[in-house]
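Build the full structure now, drawing on both the sequences and the hints.
Chains as they are written, first to last, in full-length UniProt numbering: chain A, 1 to 493; chain B, 1 to 493.
A hint or two may mislead.
Straight-line distance between alpha carbons at most 20 Å, and here's what the computed SDA-like set of lysine to any residue pairs gives [to be verified]:
1. B/Lys-93 with A/Asp-13
2. B/Lys-226 with A/Arg-8
3. B/Lys-333 with A/Lys-387
4. A/Lys-387 with A/Gly-280
5. A/Lys-93 with B/Thr-76
6. A/Lys-375 with B/Pro-89
7. A/Lys-73 with B/Lys-119
8. B/Lys-459 with B/Arg-219
9. B/Lys-333 with A/Ile-108
10. B/Lys-209 with B/Val-277
11. B/Lys-119 with A/Ile-32
12. A/Lys-93 with B/Glu-94
13. B/Lys-421 with B/Lys-486
14. B/Lys-264 with A/Lys-119
15. A/Lys-421 with A/Lys-387
16. A/Lys-264 with B/Asn-11
17. A/Lys-341 with B/Glu-36
18. B/Lys-209 with B/Ala-281
19. B/Lys-341 with A/Glu-94
20. A/Lys-93 with B/Lys-226
21. A/Lys-341 with B/Lys-421
22. B/Lys-93 with A/Asp-95
23. B/Lys-341 with A/Asp-13
24. A/Lys-119 with B/Thr-76
25. A/Lys-73 with B/Lys-226
26. A/Lys-119 with B/Lys-226
27. A/Lys-119 with B/Lys-119
28. B/Lys-119 with A/Asp-57
29. A/Lys-93 with B/Asn-11
30. A/Lys-341 with B/Arg-219
31. A/Lys-93 with B/Pro-88
32. B/Lys-333 with A/Gly-280
33. B/Lys-93 with A/Pro-88
34. B/Lys-341 with A/Ser-454
35. B/Lys-333 with A/Ser-454
36. B/Lys-375 with A/Pro-89
37. B/Lys-93 with A/Glu-94
38. B/Lys-333 with A/Asp-95
If you're looking for bench data, these hints aren't it; they were derived computationally from the structure.
Number of protein chains: 2
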Amino acid sequence: MSSTAQLRALNIDNINPHVRSAQYAVRGELAIRSEEYRVKLQKTQPPTPPDESLPFDSVISANIGNPQQLDQKPITFFRQVASLVEYPPLLEKEDVLINHLGYKPDVIERARRLLAGVKSVGAYSQSHGAPIIRQSVARFIEERDGYPADFNNVYLSAGASSGVNTLMHIICASPETGVLVPIPQYPLYTATLSVLNARCVPYYLEENKHWGTDLASIRTAYEKAKSEGTEVRAIVVINPGNPTGASLSEADMRSLVDFAAQEKLVLLADEVYQTNVFVGAFHSFKKVLRDMQKANPGKYDNLELASLHSISKGMVGECGHRGGYFELVGFDKQVQEQIYKFISIQLCPPVVGQCMVDCMVNPPKPGEPSHELYKQEYDGIFNGLEKRATALYDAFKQMEGVHCENPQGAMYLFPTITLPKRAVEQAHKEGRSPDEFYCLRMLDATGVCVVPGSGFGQKEGTLHFRTTFLAPGTDWVSRITEFHKKFMNEFRD
Amino acid sequence: MSSTAQLRALNIDNINPHVRSAQYAVRGELAIRSEEYRVKLQKTQPPTPPDESLPFDSVISANIGNPQQLDQKPITFFRQVASLVEYPPLLEKEDVLINHLGYKPDVIERARRLLAGVKSVGAYSQSHGAPIIRQSVARFIEERDGYPADFNNVYLSAGASSGVNTLMHIICASPETGVLVPIPQYPLYTATLSVLNARCVPYYLEENKHWGTDLASIRTAYEKAKSEGTEVRAIVVINPGNPTGASLSEADMRSLVDFAAQEKLVLLADEVYQTNVFVGAFHSFKKVLRDMQKANPGKYDNLELASLHSISKGMVGECGHRGGYFELVGFDKQVQEQIYKFISIQLCPPVVGQCMVDCMVNPPKPGEPSHELYKQEYDGIFNGLEKRATALYDAFKQMEGVHCENPQGAMYLFPTITLPKRAVEQAHKEGRSPDEFYCLRMLDATGVCVVPGSGFGQKEGTLHFRTTFLAPGTDWVSRITEFHKKFMNEFRD
Numbered sequence: 001m002s003s004t005a006q007l008r009a010l011n012i013d014n015i016n017p018h019v020r021s022a023q024y025a026v027r028g029e030l031a032i033r034s035e036e037y038r039v040k041l042q043k044t045q046p047p048t049p050p051d052e053s054l055p056f057d058s059v060i061s062a063n064i065g066n067p068q069q070l071d072q073k074p075i076t077f078f079r080q081v082a083s084l085v086e087y088p089p090l091l092e093k094e095d096v097l098i099n100h101l102g103y104k105p106d107v108i109e110r111a112r113r114l115l116a117g118v119k120s121v122g123a124y125s126q127s128h129g130a131p132i133i134r135q136s137v138a139r140f141i142e143e144r145d146g147y148p149a150d151f152n153n154v155y156l157s158a159g160a161s162s163g164v165n166t167l168m169h170i171i172c173a174s175p176e177t178g179v180l181v182p183i184p185q186y187p188l189y190t191a192t193l194s195v196l197n198a199r200c201v202p203y204y205l206e207e208n209k210h211w212g213t214d215l216a217s218i219r220t221a222y223e224k225a226k227s228e229g230t231e232v233r234a235i236v237v238i239n240p241g242n243p244t245g246a247s248l249s250e251a252d253m254r255s256l257v258d259f260a261a262q263e264k265l266v267l268l269a270d271e272v273y274q275t276n277v278f279v280g281a282f283h284s285f286k287k288v289l290r291d292m293q294k295a296n297p298g299k300y301d302n303l304e305l306a307s308l309h310s311i312s313k314g315m316v317g318e319c320g321h322r323g324g325y326f327e328l329v330g331f332d333k334q335v336q337e338q339i340y341k342f343i344s345i346q347l348c349p350p351v352v353g354q355c356m357v358d359c360m361v362n363p364p365k366p367g368e369p370s371h372e373l374y375k376q377e378y379d380g381i382f383n384g385l386e387k388r389a390t391a392l393y394d395a396f397k398q399m400e401g402v403h404c405e406n407p408q409g410a411m412y413l414f415p416t417i418t419l420p421k422r423a424v425e426q427a428h429k430e431g432r433s434p435d436e437f438y439c440l441r442m443l444d445a446t447g448v449c450v451v452p453g454s455g456f457g458q459k460e461g462t463l464h465f466r467t468t469f470l471a472p473g474t475d476w477v478s479r480i481t482e483f484h485k486k487f488m489n490e491f492r493d
Numbered sequence: 001m002s003s004t005a006q007l008r009a010l011n012i013d014n015i016n017p018h019v020r021s022a023q024y025a026v027r028g029e030l031a032i033r034s035e036e037y038r039v040k041l042q043k044t045q046p047p048t049p050p051d052e053s054l055p056f057d058s059v060i061s062a063n064i065g066n067p068q069q070l071d072q073k074p075i076t077f078f079r080q081v082a083s084l085v086e087y088p089p090l091l092e093k094e095d096v097l098i099n100h101l102g103y104k105p106d107v108i109e110r111a112r113r114l115l116a117g118v119k120s121v122g123a124y125s126q127s128h129g130a131p132i133i134r135q136s137v138a139r140f141i142e143e144r145d146g147y148p149a150d151f152n153n154v155y156l157s158a159g160a161s162s163g164v165n166t167l168m169h170i171i172c173a174s175p176e177t178g179v180l181v182p183i184p185q186y187p188l189y190t191a192t193l194s195v196l197n198a199r200c201v202p203y204y205l206e207e208n209k210h211w212g213t214d215l216a217s218i219r220t221a222y223e224k225a226k227s228e229g230t231e232v233r234a235i236v237v238i239n240p241g242n243p244t245g246a247s248l249s250e251a252d253m254r255s256l257v258d259f260a261a262q263e264k265l266v267l268l269a270d271e272v273y274q275t276n277v278f279v280g281a282f283h284s285f286k287k288v289l290r291d292m293q294k295a296n297p298g299k300y301d302n303l304e305l306a307s308l309h310s311i312s313k314g315m316v317g318e319c320g321h322r323g324g325y326f327e328l329v330g331f332d333k334q335v336q337e338q339i340y341k342f343i344s345i346q347l348c349p350p351v352v353g354q355c356m357v358d359c360m361v362n363p364p365k366p367g368e369p370s371h372e373l374y375k376q377e378y379d380g381i382f383n384g385l386e387k388r389a390t391a392l393y394d395a396f397k398q399m400e401g402v403h404c405e406n407p408q409g410a411m412y413l414f415p416t417i418t419l420p421k422r423a424v425e426q427a428h429k430e431g432r433s434p435d436e437f438y439c440l441r442m443l444d445a446t447g448v449c450v451v452p453g454s455g456f457g458q459k460e461g462t463l464h465f466r467t468t469f470l471a472p473g474t475d476w477v478s479r480i481t482e483f484h485k486k487f488m489n490e491f492r493d
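Encoded structure:
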């Protein structure tokens, strides 16, 4: 504690202990250090000579799924629409837009429609989002799943993180409330549970089954928690997986629905990577649930499903706009009223982000003027991601002591690493977990920032790291392989 | 409870009780009913004949400070910059922008500068905001106050509400934590304390002293709370006031600083209405504190001040963009690290909103190409607000049993109403507080939606309502006066 801490109202020992205990490694020590390196490198741009103290000339932020920081270009249609809703007087110059600036009529039409619905992107909307955009989302869900969706059950949010925060606030009623969370997981879940002083009930994903779920181990975790007095109320499923990148099989999903219905658990489906699927097809939990309801009338009618989506991921990658939504299925009306009240305290999600949600769920269709460019950009991003994922995967296959599942989706690979005993000892000497030690060494040597597996949780005795495959080029992949070789040689037993 | 509630994981009786107990009247029952009326009126636009069941033809949302929903035009400079950062390829067509679309060179320059700093508005920024924009904020504070500001102590946020939420999360450590909150207050404070299961320690503002603070009554509230086992840690001050519209005198502010320093309380200064001042000048708490520190070396060095600002209010009115910031003064470094970690869980504030913050704190200067229009728009909004405030105030002066302080600032008037005994009895019969009863009657009769004083807190035995003075025209003011006349006649003893 600093020497003046006692003189103040707040110090590290008396602030909210639940905030203090929360961990969020994605933006933790490594990320902060990587930012320091970035600043150092920027400061030493010519005319000042390059900083000789750093053995690399650029920082690669592979720690966070932030596509547009890594040169992914925004989709033109989305941003043209955004420019018009931001400055509506442009709509009075249709000829200039079309003849001089290359805007297509469907861009102009979309902006007009959105402005008719929101009036101004500078005005607060309803707390769960503008009706016109919630209606677009409902239509998208209907088309995706082949089942009806009611826009009154759609809640727009400032990214999926904000939606998770809302739902967890409602669910967590006491320090005994527990939520089943997959391990490894995106640390938003554990951090939020920590802040809410509720219990994380971990269930492990099966690395040797392509990071799928295993119902027996979920049930064991559930029963153990119950026997310890935890009131388990919800189960989180991230599909496609973060950090694992894996897609769940329909069979796994059906087991999960069945389990949640049987044990009266809210099924919280984080489906933000639903378009980032390289292997097989994405199945939404809503569709799987509706199929099961159809086949078993009455049996699953009361299952509460919350499905989350986001504009930050997919080919959209509009993280900075903070947009997303969740759909509630089977929730009690009075509970939904409390959800509305809770979100109203923070007024509304950013309205331009809401407009981006509209573009995501209702992009230009075949035959419409902007479709060709949209498709070209979309496919280009998709193929680029797949290509880089494969390049990275191929590199991992060559690395000693590294094993990685083949890339299936999302934006991540999550290889296992087996480190020499001496490296593990050195890590412990420095008061770090071995994977953290490895990742810090990698950052210091290469400028590549990845996140240690311990930031997401991993089975006792295993080590991993998560890397995005967003960074352009392949230079940084070879930085990793060279570092790894040197690291292994340095600590070889 | 609905009949199926027991079949689900979540029902009204088992969700988070702290969320359930939170109250947020600004978007409560009245607001929801007014939205229903709005939908009803929209549905009955021609060719369908007007809905004869409603005695008004439009809904006036005077319940919430949402300028652009009520026809306040956005400031051109802000939105032109936003259009360019949304669609940067426009910057390659400088001649079209300037010659065909009326953009000025300083708009283009600002967009370029911002993009150089944030790279893409679709990329996550640092969790406390892009450095380039935090630096702008720091310079603005320096110029406003005449004292240095460090951009490392500036945290951009998704509106001031999000900043308050962050700070309250850090401050509230246990159910015994208490925060002094002015009554009447903006209900964000009580709602947030409720969700956090901490204690609101109310102190009353003095209506007969232009809603100023009274240190004796603050001290009484503080001592009473302490004697009841409350660990009071912070004091909220809203200046200019919401819902009162009042500006604090410098003497009041000095007393508050002195009191907070003496009792080791965080001073949480909600200064979002700092440019909405009609009477006198705005003084920031930062300046008052620095003046006092200069005059009394050492005495106030450890006071923790958090000052909040927003793009939603002032002449900017960009509520839907969700932008704001808070500056921390005198906070412990380790505590600031925890604040950073907490906000990083939600990744970052909307980046376009951050760009709007930049425009707000660094608007076109005299001599710059966009300045003339900016000043004209700014002054137009300011004068319009003052004019409407005065018109409303004049109307209130004529109304039986209504007393109102003269408009000083913010966006609100908060008149006292004295209702006939029979109206109070009728309200109680309907299970409502008398001011809520009055406001509901007003909405049903006129379509004008205001918020009952009970939504903000008021001294026992007094009744008020809060109205914004944002709605254009004066028709709605006469709707209120006519309604009031009829209401008083209906319930006259």
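Here is how each hint holds up against the structure:
1. B/Lys-93 with A/Asp-13: violated (56 Å)
2. B/Lys-226 with A/Arg-8: holds (18 Å)
3. B/Lys-333 with A/Lys-387: Roughly 44 Å separates the two Cα atoms, so the pair is violated.
4. A/Lys-387 with A/Gly-280: holds (17 Å)
5. A/Lys-93 with B/Thr-76: holds (16 Å)
6. A/Lys-375 with B/Pro-89: holds (19 Å)
7. A/Lys-73 with B/Lys-119: Distance ~11 Å between A/Lys-73 and B/Lys-119 Cα, so the pair holds.
8. B/Lys-459 with B/Arg-219: holds (17 Å)
9. B/Lys-333 with A/Ile-108: violated (49 Å)
10. B/Lys-209 with B/Val-277: holds (17 Å)
11. B/Lys-119 with A/Ile-32: The given pair, whose Cα atoms are some 18 Å apart, holds under the 20 Å limit.
12. A/Lys-93 with B/Glu-94: Within the cut-off at roughly 16 Å; holds.
13. B/Lys-421 with B/Lys-486: holds (15 Å)
14. B/Lys-264 with A/Lys-119: The given pair, whose Cα atoms are some 46 Å apart, is violated under the 20 Å limit.
15. A/Lys-421 with A/Lys-387: This hinted pair is violated, its Cα atoms lying about 34 Å apart.
16. A/Lys-264 with B/Asn-11: holds (12 Å)
17. A/Lys-341 with B/Glu-36: Given that 20 Å is the threshold and the Cα spacing comes to 16 Å, the pair holds.
18. B/Lys-209 with B/Ala-281: Status holds; Cα separation ~17 Å.
19. B/Lys-341 with A/Glu-94: Answer violated: B/Lys-341 to A/Glu-94 is near 46 Å, above 20 Å.
20. A/Lys-93 with B/Lys-226: Given that 20 Å is the threshold and the Cα spacing comes to 64 Å, the pair is violated.
21. A/Lys-341 with B/Lys-421: violated (32 Å)
22. B/Lys-93 with A/Asp-95: holds (15 Å)
23. B/Lys-341 with A/Asp-13: Given pair B/Lys-341, A/Asp-13 holds - Cα atoms ~16 Å apart, limit 20 Å.
24. A/Lys-119 with B/Thr-76: Judged against 20 Å, a Cα distance of about 16 Å means the pair holds.
25. A/Lys-73 with B/Lys-226: violated (57 Å)
26. A/Lys-119 with B/Lys-226: Roughly 48 Å between the alpha carbons, so the hint for A/Lys-119 and B/Lys-226 is violated.
27. A/Lys-119 with B/Lys-119: This hinted pair is violated, its Cα atoms lying about 29 Å apart.
28. B/Lys-119 with A/Asp-57: holds (19 Å)
29. A/Lys-93 with B/Asn-11: Not satisfied, since the Cα-Cα distance of roughly 53 Å exceeds 20 Å.
30. A/Lys-341 with B/Arg-219: violated (33 Å)
31. A/Lys-93 with B/Pro-88: holds (18 Å)
32. B/Lys-333 with A/Gly-280: Given that 20 Å is the threshold and the Cα spacing comes to 49 Å, the pair is violated.
33. B/Lys-93 with A/Pro-88: Distance ~18 Å between B/Lys-93 and A/Pro-88 Cα, so the pair holds.
34. B/Lys-341 with A/Ser-454: Given pair B/Lys-341, A/Ser-454 holds - Cα atoms ~17 Å apart, limit 20 Å.
35. B/Lys-333 with A/Ser-454: violated (26 Å)
36. B/Lys-375 with A/Pro-89: Holds, at roughly 19 Å.
37. B/Lys-93 with A/Glu-94: holds (16 Å)
38. B/Lys-333 with A/Asp-95: Violated, at about 55 Å.
The structure is inconsistent with the numbered hints 1, 3, 9, 14, 15, 19, 20, 21, 25, 26, 27, 29, 30, 32, 35 and 38, although it conforms to all the rest.
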